[in-house]
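There are 2 protein chains.
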Amino acid sequence: MEDLYVIKIGGNIIDDEIALFSFLKKFAAIPARKILVHGGGKMATRLAEKMGIPQQLVDGRRLTDEETLKILTMVYAGYINKNIVARLQSLQCNAMGICGADGNSILAHKRVSTNVDYGFAGDIDYVHAEWLGALLHQGLTIVMAPITHDGANQLLNTNADTIAQEIAKAMSNSFDVRLIYSFEKAGVLLDVDDEKSVIASINPLYFEELKESKKIFAGMIPKLDNAFAAIDHGVKKVIIGKAEDLGNLLTGKAGTTISHE
Amino acid sequence: MEDLYVIKIGGNIIDDEIALFSFLKKFAAIPARKILVHGGGKMATRLAEKMGIPQQLVDGRRLTDEETLKILTMVYAGYINKNIVARLQSLQCNAMGICGADGNSILAHKRVSTNVDYGFAGDIDYVHAEWLGALLHQGLTIVMAPITHDGANQLLNTNADTIAQEIAKAMSNSFDVRLIYSFEKAGVLLDVDDEKSVIASINPLYFEELKESKKIFAGMIPKLDNAFAAIDHGVKKVIIGKAEDLGNLLTGKAGTTISHE
Numbered sequence: 003m004e005d006l007y008v009i010k011i012g013g014n015i016i017d018d019e020i021a022l023f024s025f026l027k028k029f030a031a032i033p034a035r036k037i038l039v040h041g042g043g044k045m046a047t048r049l050a051e052k053m054g055i056p057q058q059l060v061d062g063r064r065l066t067d068e069e070t071l072k073i074l075t076m077v078y079a080g081y082i083n084k085n086i087v088a089r090l091q092s093l094q095c096n097a098m099g100i101c102g103a104d105g106n107s108i109l110a111h112k113r114v115s116t117n118v119d120y121g122f123a124g125d126i127d128y129v130h131a132e133w134l135g136a137l138l139h140q141g142l143t144i145v146m147a148p149i150t151h152d153g154a155n156q157l158l159n160t161n162a163d164t165i166a167q168e169i170a171k172a173m174s175n176s177f178d179v180r181l182i183y184s185f186e187k188a189g190v191l192l193d194v195d196d197e198k199s200v201i202a203s204i205n206p207l208y209f210e211e212l213k214e215s216k217k218i219f220a221g222m223i224p225k226l227d228n229a230f231a232a233i234d235h236g237v238k239k240v241i242i243g244k245a246e247d248l249g250n251l252l253t254g255k256a257g258t259t260i261s262h263e
Numbered sequence: 003m004e005d006l007y008v009i010k011i012g013g014n015i016i017d018d019e020i021a022l023f024s025f026l027k028k029f030a031a032i033p034a035r036k037i038l039v040h041g042g043g044k045m046a047t048r049l050a051e052k053m054g055i056p057q058q059l060v061d062g063r064r065l066t067d068e069e070t071l072k073i074l075t076m077v078y079a080g081y082i083n084k085n086i087v088a089r090l091q092s093l094q095c096n097a098m099g100i101c102g103a104d105g106n107s108i109l110a111h112k113r114v115s116t117n118v119d120y121g122f123a124g125d126i127d128y129v130h131a132e133w134l135g136a137l138l139h140q141g142l143t144i145v146m147a148p149i150t151h152d153g154a155n156q157l158l159n160t161n162a163d164t165i166a167q168e169i170a171k172a173m174s175n176s177f178d179v180r181l182i183y184s185f186e187k188a189g190v191l192l193d194v195d196d197e198k199s200v201i202a203s204i205n206p207l208y209f210e211e212l213k214e215s216k217k218i219f220a221g222m223i224p225k226l227d228n229a230f231a232a233i234d235h236g237v238k239k240v241i242i243g244k245a246e247d248l249g250n251l252l253t254g255k256a257g258t259t260i261s262h263e
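Protein chains in written order, with the working numbering: chain H, 3 to 263; chain E, 3 to 263.
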């Protein structure tokens, strides 16, 4: 099967114009098929402030009321998405920016929670992998904004990490998928205060060992659980590291590689 | 050749939620291939006001400074585009929203003017008709936002009427194209104060007659010149009328049809 890279970048890259340009140059140069999933950044929060719309976070998740959804749709699917596309085009990478409503690519439902009303937050039901594959085979690079829809005229704010994971899983039926999470650290660290203590690779057995010996930072465990879930659903490798190191992440010279091996 | 409808809607429909929904229901029901080109509306102006960015118009054209371009990218390519797509998806119309940077679909250059600096306003050089055709043949309905790019990382604000016309012309090589301009009046009027004086059809000879006898409203002449330019470049028919009458516009029972016949 053909290789496909699904790469997720977050606010730390998106908010830094120079870092973003440098990343996109490396991204554009990847000769294989690729999908870039981007999160948001500080722009949405700043815009909400300017417009006097109070933003609430619960457990690190934004409560998406109607006005906030408007802002996220504008900033994520509009400003950030189209600026990344224009930059990639200037780098001779034929990019197409979409959100989950476009081509019905990602169907989700409004999150149901008995404790907190997350508002217009979407949990993914289905990724239209065949259609995304057809676009890739047309030579297009897909740039996905973290907005989905429910098929009944409701746009939904959806976590970009989850989108990247669900796309990677769904595409695994027809591609050899590598899922790359850009991270603020150089990878999974044995010592959270030592950037040089990156664990090069983790397989399921080693993961159990790390958990039992409590050697890795607790906050990292859900991320690794997700990575193993992706591996269990057919994704070849999940790589966690700094977007700035993209070249080395792809060749295994940097970051942490999670796989069955 | 297969039929293709290129339909342009403007602020009068976009700003009216009920009219927009009613229009999109009729649009979704068209069984042929279709491209919807949308303009802006009052939302961009309102957002600019809220953010304290002064807006300047010269001869009805917005001067697009950097901050205004940000807003237009957010509102046109983000909010309006994605909300139309989500609505069409809910109507079982598999829509995909793009701007001119996506898939390099519309290349433009920054407008050169010796009198006025229009800022980041784009004049179209090229429409990537083959690629748009490939998307249509995948069963997708294209929803185009009035933002283009110059291929060198610059997004550009571009007039939606012009985008619709250039797309219609470029697609005429491989489709029988009907270009429909939604208009605040029921069509081209013989008497500008009488909505019932719609001229059903205009061919080049009749147009000359109308101009000579000064029977039509002067402001209408540039629009008709543009319509005839489209006809001269292979577009089968240009139809001008109310978006609310879409069904009747398509069958020639409403609006003004401009053609060689």
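Heads up, a few of these hints could be off.
[Unchecked claim] Partial selection, computed: residues in chain E whose CB lies under 10 angstroms from chain H:
1. Q140
2. V145
3. L157
Simulated from the structure, these hints should not be mistaken for laboratory data. Quick reminder that beta carbons are idealized off the backbone N, C-alpha and C, glycines included.
Item to check | Hints that the structure is at odds with (numbers, increasing) | outcome: Violated hints: none; all satisfied.
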